[in-house]
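Undergrad: Now for the letters of each chain:
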Amino acid sequence: MENSYITKRQYALLVFFIPFVFKFSVLPSVLSLDAGRDIWITMLLIMLTELTQLAVVVKIDSMGGLEALRDKYGNIVYYALTVPIMLTIVIKASVYTSETTSYANSYLFYNITTRGVGIVVIIVASYIAIKGAKGLGRLVEQITWLIPVAIVIGLLFGKLKLKPDNVLPIGAKGIVPIANSFDNVLFWVLDFSPMLFLKTIEDVSLVKRKRSRFPWLPVLSVASAIFMVVLYLLYVMNYGQAGHVVNTAFSSLGAFNVVNTEIGSIDWPAITLWLSVAIISLSLKLFGAGKVIASAKVKFPLAVILVAIVVVVLGQFVFYNLERAFSFATSFVKYLAIGIELLVPFTAYILLDIKERSSKKREEKIEATI
Amino acid sequence: MKRQYKWIAFLICFILMFALGVEITPLSERAIVAGLGIDYDNGVFTISAQILLPSSDDSKTSNIVVSSAKGETIGEALAKISSESSMLVATSHCNLVLLGEGTLNGKAYSSLDYMIRNAYLSENALILTTEGTAKDILNAKTAYSDMTSFYIQRELMVYGNYKEAVHRNIKEYLSSYYTENSANWLTKVRKVETEKPQTGGSTSAGSSSGSGSDDKVYVLDFARCAIIKGDNFVFDGNEDVISGINLLTSTLDKGDVVISDGEYTYCFYIVKSKSKLSYKPENFTAKASLKVDILLKEIVSSSNETLPFSVIDVEPDSKVDGLLKEYFNNVITRAFEECKSHEVDIFDLYGGFYGKMGRKWIDYSKNYLEKSVLLVDTEITYY
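The listed protein sequences correspond, in order, to chains Z and B.
Each position in the first sequence, counted from 1, maps to that position plus 590 in our numbering.
Under our numbering, the second sequence has 200 at position 205, and the numbering climbs by one with no breaks.
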């Protein structure tokens, strides 16, 4: 587990960034088809579900993580739980790669071959995954600065025309369209399972500066939920009921898109931010899946490369376009994916809790005997 | 050991980039489209692209051409332009789309399908309609610029929103299209012949081709608008209609208002205008609150009297103030009533009433436009 350690602040930053990347690209457009102007309510429900999963994942980390599970229950239980989660991660990574490729093609390389972009993205993601948790943590810290840059440039140059009235009436069509939209995108719900393979440690520099007590995780996880709901509200205020025709939400809503010049518009900061977080998110998935294979005494870099090959084959040759990836992700597979994402962390938590309680009882018994 | 991974990853990326075919088209082989005109007639699109051609010598100047091609789809016509010019047509820098008159009848939305599906044409690109064909406008030789596309963008986008000319982009057009009543509007650009300005120097840009190559020069006028409902053109709005729409749907920061009390004629300048709509769906009433910051620019007497001038003359008397408020109220009301008479809910009162009343509105809304009243309350601040 030597390359699984990440500081608490880096962990919290990952929690903040992970939801926003693949939930704010094509998803608003897909949600709009059913929920219309109420997509922000769907997102609120999604984020509440995400935070529930996160709470379990964090609790498992505090109980020693999946390694503790392996130590206490042996390999059979460990693999029974981690193999399904690994398969889910791989499938999700493949669909997300297809989404990333489509995004990069649309905004950066409109004359490059699709497969070339996707493969290069996965190579970069694999490299970061091989570098381990430390690399992921550092990278996520480095890209954080793009947010204030985005806000400052947006405030200086942006001319976003928002119509708050677009949000009204709230829930006028009842709960059914919201429920349908939620059901449709179940595949994109619960993305924190790769974090089961990370171990948090205190940040030495923060301890030295006596700032280690700041509750990074609660603050940033709640901020992430609020941030997502606010982004969806802005989306509705901006596009009204035309939300379903928007290709990629983040770039379109990025205030920079409205910095028009006579020969084009400046939209690079928004694109850079989205793409960086997408690659980090994919790296984390490769890292998680690689960890499961590596636990069977395979070298970790080799394990990540094997996962990357499967992701490339699925993402670039099976789901070679966004439509294929979406029709797959919105099929029955979504129920399998969310089922595994829910069951595995909860089961792991219950099993660890049982052991913890029994060892506590044993200790109490020994103390009582003494 | 760890460094090896970095170099291996780097090397694989490079090999793949070349092996999988990265097309790198040099700038000199790209036709950079600055403005796109879409005309439609008898099932055929005529696409006109105003193109910047990089100069082959070192003079650092660009040539400008308007290239046109016909096709059943916009993509097909653009491909023809590419093939004829033997250059890759690049629309990634296109910030202007002109829909010709023929396009507005049933093809306004479907002609935008190409732009919606292809993200590299920005949704923030300006969209206008034209009097006559879009091709004709792109070919017009304007008095103040060698390139029509840049002239229009400068006029509408760079110098801010005028009372008579407001920019509207593809995103805003689509947003209106998908409202419940699908009322929409587009600024109409028309060319007006003017005298050729006498200039002392020469311009560096190249020449325009097509019908604009004669000696006539034009200025472009934006004080008209096409009112559209769904996919159908409804009527041509005059200066009053477009001023009313602009005042209520945009933040203006330019434009003159001239009023007369019989004795004197006053010219005011709009520094800033903002508006807000509130709704009372129960009695089908909407109230527009307009706030205008205004500057007194000039007073002209109808007699030969010389007016005593004072630098502190800022606020006119209550009579003129009343006339000014009446002017703004009337402009907005007239725009609303004119559109209402054509069964177009131009200010989307349906959406406002629905937002306020919720689900009940759907049953309550029968013949709502007929019953709807728009009240306007103007507040003026003198600078």
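Derived from the structure by calculation, the hints contain no laboratory data.
These numbers were taken from a predicted model, which means no experiment stands behind them.
Here a beta-carbon is modelled for each residue, glycine too, at the ideal position from N, C-alpha and C.
You may find that some hints are simply not true.
Claimed, not checked - Below, a list of computed lysine-lysine pairs in the DSBU-like style, where the Cα atoms sit at most 35 Å apart: (1) Z:Lys945 x Z:Lys955; (2) Z:Lys753 x B:Lys249; (3) Z:Lys887 x Z:Lys724; (4) Z:Lys751 x B:Lys224; (5) B:Lys224 x Z:Lys763; (6) Z:Lys753 x B:Lys351; (7) B:Lys286 x B:Lys351; (8) B:Lys224 x B:Lys361; (9) B:Lys102 x Z:Lys753; (10) Z:Lys753 x B:Lys224; (11) B:Lys292 x B:Lys282; (12) B:Lys361 x Z:Lys753.
Unchecked claim - For each label pair, taking beta carbons as the anchor points, the in silico distance ranges come out as: (13) Z:Ile765 x B:Cys262: 22 to 32 Å; (14) Z:Leu635 x B:Asp226: 28 to 38 Å; (15) B:Ser284 x Z:Val742: 48 to 58 Å; (16) Z:His834 x B:Gly38: 43 to 53 Å; (17) Z:Pro754 x B:Glu258: 39 to 49 Å; (18) Z:Val888 x B:Asp226: 57 to 67 Å; (19) Z:His834 x B:Tyr378: 42 to 52 Å; (20) B:Thr68 x Z:Tyr910: 19 to 29 Å; (21) B:Glu293 x Z:Pro754: 36 to 46 Å; (22) Z:Phe907 x B:Asn100: 40 to 50 Å; (23) Z:Val812 x B:Glu67: 25 to 35 Å; (24) B:Ser284 x Z:Phe907: 56 to 66 Å; (25) B:Ser284 x Z:Tyr595: 55 to 65 Å.
Unchecked claim - Sample of chain Z residues facing chain B (criterion: CB under 8 Å; computed from the structure): (26) Ala762; (27) Gly830; (28) Gln831; (29) Ala832.
Undergrad: Does each hint hold? Answer for all of them.
TA: Evaluated hints:
For the hint pairing Lys945 (chain Z) with Lys955 (chain Z), the CA-to-CA distance comes to about 15 Å; that is within 35 Å, so the pair holds. Taking the CA atoms of Lys753 (chain Z) and Lys249 (chain B), the gap is near 22 Å; set against the 35 Å cutoff, the hint holds. For the hint linking Lys887 (chain Z) to Lys724 (chain Z), the alpha-carbon distance of about 21 Å falls within 35 Å, and the restraint holds. Proximity of Lys751 (chain Z) to Lys224 (chain B) is assessed by CA-CA distance (about 22 Å); at most 35 Å being required, the pair is judged to hold.
Taken as a hint, the Lys224 (chain B) and Lys763 (chain Z) pair is honoured in the structure, with Cα atoms around 25 Å apart against an allowance of 35 Å. In summary, the hint linking Lys753 (chain Z) to Lys351 (chain B) is supported, as the alpha carbons are separated by about 14 Å, within the 35 Å threshold. Distance restraint check for Lys286 (chain B) and Lys351 (chain B): the Cα-Cα separation of roughly 23 Å lies within the 35 Å cut-off, and the hinted pair is therefore satisfied. Taking the CA atoms of Lys224 (chain B) and Lys361 (chain B), the gap is about 18 Å. The hint holds against a cut of 35 Å.
The hinted pair formed by Lys102 (chain B) and Lys753 (chain Z) meets the criterion: a straight-line CA distance of about 27 Å does not exceed 35 Å. A threshold of 35 Å between alpha carbons decides the hint, and for Lys753 (chain Z) with Lys224 (chain B) the separation of about 21 Å falls inside it, so the pair holds. A C-alpha spacing of about 30 Å is found between Lys292 (chain B) and Lys282 (chain B), which places the hinted pair at or below 35 Å, so the restraint holds. Between the alpha carbons of Lys361 (chain B) and Lys753 (chain Z) the distance comes to roughly 25 Å, so the proposed pair stays at or under 35 Å and holds.
Taken as a hint, the range 22 to 32 Å is violated for the pair Ile765 (chain Z) and Cys262 (chain B), whose Cβ atoms sit roughly 57 Å apart. At about 36 Å, the beta-carbon gap between Leu635 (chain Z) and Asp226 (chain B) stays in the expected band of 28 to 38 Å. The hinted window of 48 to 58 Å between Ser284 (chain B) and Val742 (chain Z) is violated, with their beta carbons roughly 32 Å apart. For the pair His834 (chain Z) and Gly38 (chain B), the beta carbons lie near 28 Å from each other, so the given range of 43 to 53 Å is not met.
Distance hint for Pro754 (chain Z) and Glu258 (chain B): a CB-CB separation of about 44 Å, consistent with the stated range 39 to 49 Å. A beta carbon spacing of about 60 Å between Val888 (chain Z) and Asp226 (chain B) agrees with the range 57 to 67 Å that was offered as a hint. The beta-carbon spacing between His834 (chain Z) and Tyr378 (chain B), approximately 44 Å, falls within the hinted interval of 42 to 52 Å. Restraint check, Thr68 (chain B) to Tyr910 (chain Z): a C-beta distance of roughly 24 Å satisfies the suggested window 19 to 29 Å.
Look at Glu293 (chain B) against Pro754 (chain Z): about 38 Å separates their beta carbons, and that is inside 36 to 46 Å. Take Phe907 (chain Z) and Asn100 (chain B): their Cβ atoms lie about 45 Å apart, and the range 40 to 50 Å holds. Restraint check, Val812 (chain Z) to Glu67 (chain B): a C-beta distance of roughly 53 Å breaks the suggested window 25 to 35 Å. At roughly 59 Å, the beta carbons of Ser284 (chain B) and Phe907 (chain Z) sit within the given window of 56 to 66 Å.
The supplied range of 55 to 65 Å is met by Ser284 (chain B) and Tyr595 (chain Z), whose beta-carbon atoms lie about 59 Å from each other. Taking 8 Å as the C-beta contact cut-off toward chain B, the hint placing Ala762 (chain Z) at the interface holds, the least distance being around 5 Å. A least Cβ separation of about 5 Å between Gly830 (chain Z) and chain B falls short of the 8 Å threshold, and the interface hint therefore holds. Restraint check, Gln831 (chain Z) versus chain B: the minimum CB separation of about 4 Å is within 8 Å; hint holds.
For Ala832 (chain Z), the shortest C-beta to C-beta distance to chain B is roughly 4 Å, which falls under 8 Å, so the interface hint holds.
Hint compliance for this structure: hints 13, 15, 16, 23 are not met, and every other hint is.
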